[in-house]
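Number of protein chains: 2
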Amino acid sequence: MAKPSIPQGMRDFGPETVRKRNYIFSIIRNTFELYGFQPLETPAMEQLETLMGKYGDEGDKLMFKVLNNGLNDPKNVEKSRIAFDQVLTGKSDKNLTERALKYDLTIPFARYVAMNAGLLSFPFKRYQIQPVWRADRPQKGRYREFYQCDADIVGSRSLLNELELALIYTEVLSKLKLNGFRVLVNNRKVLKGIIEVCGLEEWEKKVLVIIDKTDKIGIEGVRTEMQNEAIPTDKVHRLIKIYSYDGDNLAKINFLRDLFGESVEGMAGLDELEQLILDFATFNPESAALQIDLTLARGLDYYTGIIFEARAPGQVKIGSIGGGGRYDDLTGLFGVPDIPGVGISFGVDRIYDVLEELNLFPTDVHKGTNVLFYNLGKEESRLAFRLMQNLRIAGISCEIYHEEAKFDKQFKYAERKKIPFAVIIGEQELASETVIIRDLGRREQEVLGTEGFASGAKAFMAPRL
Amino acid sequence: MAKPSIPQGMRDFGPETVRKRNYIFSIIRNTFELYGFQPLETPAMEQLETLMGKYGDEGDKLMFKVLNNGLNDPKNVEKSRIAFDQVLTGKSDKNLTERALKYDLTIPFARYVAMNAGLLSFPFKRYQIQPVWRADRPQKGRYREFYQCDADIVGSRSLLNELELALIYTEVLSKLKLNGFRVLVNNRKVLKGIIEVCGLEEWEKKVLVIIDKTDKIGIEGVRTEMQNEAIPTDKVHRLIKIYSYDGDNLAKINFLRDLFGESVEGMAGLDELEQLILDFATFNPESAALQIDLTLARGLDYYTGIIFEARAPGQVKIGSIGGGGRYDDLTGLFGVPDIPGVGISFGVDRIYDVLEELNLFPTDVHKGTNVLFYNLGKEESRLAFRLMQNLRIAGISCEIYHEEAKFDKQFKYAERKKIPFAVIIGEQELASETVIIRDLGRREQEVLGTEGFASGAKAFMAPRL
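Keeping their order, the protein sequence lines are chains A and B.
Under our numbering, think of the first position of the first sequence as 1, with each following residue one higher.
Under our numbering, think of the first position of the second sequence as 1, with each following residue one higher.
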């Protein structure tokens, strides 16, 4: 039998990793709930037609498609063969594959809202914490199966939603003790305004893609790439001048207001940014964390208003740990128009790597079993088992060593599993109706009576439980 | 745009359903942890070769296989075509599909243990709560995506493990208030003994399959099916006589002991059952819940010792809500022999249906947002937002209505979302620096000062929070 393996780009999560990941999930989940978001879960698979064409050509290619069952059923063989020929020309075909694994949480959410629009009460605030799958080339920090944690409000145009989402970003990242994080904010309308006043409408998409890379290629890189696209030099120059402006949030807004005289959309975008910045400062002590970044564009076509990106503290080279923004008509893709929305996402796998690098996981996050009961003989272990059940009823997680074994072997088991306490019942204890409880880390112990053992044990462990 | 749909046999879980499911998951998870099991998660996909052939022909057919990416890449086209021809003959081929969605949690766990055997400390106790996928024909209570909740111990032959797993079943089902549940237990060795003393070795597999159906077809049905298999009448008669015996757990054991004189394996199986039954009675007040059922066989080939099945209370027609048993050499499939194990599983989707049918979900399981702050004007809502943030800091989940709207509309929103409390700040309250907090269910309210609002509000809500 060949040595078994795990698919490329995918991971097993052992106990310690699951606990650390749950620490992150629970902070995000609790914060979503505090802000009134309700949980939603959608299946791992969607109809292929729900997903195709929603993420650009690249997305279509990176989607994991699920083979239909029963392809070799005699009544299907001919259809299957024709369908496969289609696939070989790069098309998809329902007779070969009619389902795919979900690629993000947003499109399945839009599909859910479109299917249930008549039943939901709007605004509908949902959060969703589930894995998604992409057949990307695996590399450091990029996996083929990873979790997204999304919160969206649909059915509301109010800027209060953007305010709450910005507050959620800062609240979660503060609770994770990620000092120095930043939440970058921009507005697609402001980007439109900039494009307009520079006369770059013709090259809009290309320019947005280039601008979005500013933090990687620098402002001179932006100039070069624009020139490579054969954009007229005076227009490039105008854009570079705008992007060379430096100032705080309100200064940036005022600078652009002076330029935007003719651009109605640009002006509307600035008003929104200003209101968000001011409200945020009123309600959040960490107001410096919210920063206007005019280079922020976010790739996805469906954004139409304010956009967000959360960044790890500067010393960590990992880039974005979350993003989001406002969209006007996501469910329109599924035949239900006029449901505006806004949402954010946390990238848990990257947040995990950052917390690991900065050593920010709490020390007690590893804690699994609290107490190991030693197994030192038949009668001894019967008593141990009985006392153990009392501790379990009291909510304390326990194990009994599975067989009679030498003291040392049982101690090593506790040590490897980081079990902090041991309960030891040997021949002598059995005779005297006593029990030794030992703090394995501090090497301190106490003798307790079997009578009232649970309360005695709880009192002994309390300082370290 | 066509109306969107969800793949057949798969489900969206809206907020209320997620909360009910989480109620079940958290009871199972907490109990697993109390017994010292540690969390493990494996990817949704496994290498196809890891899964193929492990679940019989039927399993191979029902597996969801994932299409390789880049099939139409010019350098792959020829290989893809050949691979597809293989698939059309019912074979699988790595050049078309090298991954599949996991079909259960046991084989991926065995793969994990085999891959990490050198790093794990044994006995290794893990639990795993994740979805699995099967392309079964959807029907009531059977889905194509469903959750399994497994706990296994590997690296130990001790019967203490069986005892703990039986205790976990009764503890979880009692906490779920499923009064009248039963945990059936049998032993593959005892079944071997019965087969031996009836001289049925030649028909062993067929007989086990027939016996396993006794609760559906009755003892006369067993007789008929065995005769249909052309099994000699005297042997059938001997078996039926054994299966007609009725008595309590220990009576059954004694009855079989008298028969099993020659069968070493059968005798060993009876000793194990007896020890489990006696120990269980010592440590569990609900000892009547554990019942020997000699018809229990469990389909999977890998079981070798004690086997379990959990059953819903008799009035619910749903059959098994969990099962498990001991296996001797699961990781042997992956080239790492001699790691014995034992495990159990809970079927959460069925447990959900049972709790729903018996109306056993706690009434507060629905609770999402606790407080809705009314939005009654620009200044009013600014004050409301500020006070709301104080409640959120205190851990109380809140929402503010997203825009200024009529009183009634906001009340209806709270009602539809089952939000129990409202905070109302109108013109008058703004002027007098007061706040109305209202219990929407009881139609009681109180006027609080804005100063010290959070503690006043908490005191008001305490009886119903």
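Quick caveat, the hints were computed from the structure, so don't treat them as lab data.
Be aware that a few hints might be false.
Since the list gives no way to pick one copy over another, a pair counts as held whenever it fits inside one copy or between any two copies.
Straight-line C-alpha distance at most 20 Å; calculated EDC-like pairs for lysine to aspartate or glutamate [to be verified]:
no., residue 1, residue 2
1, 75, 85
2, 3, 49
3, 3, 329
4, 241, 429
5, 177, 328
6, 205, 328
7, 317, 196
8, 252, 274
9, 206, 357
10, 140, 380
11, 61, 98
Each hint tested on the structure:
1. 75 x 85: both (18 Å within a copy, 16 Å between copies)
2. 3 x 49: Answer is between; shortest inter-copy Cα gap is 11 Å, intra-copy 37 Å.
3. 3 x 329: Close across copies (16 Å), not inside one copy (50 Å); limit 20 Å.
4. 241 x 429: The answer is neither: 83 Å in one copy and 50 Å across copies each exceed 20 Å.
5. 177 x 328: neither (34 Å within a copy, 47 Å between copies)
6. 205 x 328: within (18 Å within a copy, 61 Å between copies)
7. 317 x 196: Result: close neither inside a copy nor across copies, 34 Å intra and 68 Å inter.
8. 252 x 274: within (10 Å within a copy, 80 Å between copies)
9. 206 x 357: neither (35 Å within a copy, 57 Å between copies)
10. 140 x 380: Classified as neither: same-chain Cα gap 51 Å, cross-chain 49 Å, threshold 20 Å.
11. 61 x 98: both (15 Å within a copy, 17 Å between copies)
Hint violations for this structure: numbers 4, 5, 7, 9 and 10, all remaining hints satisfied.
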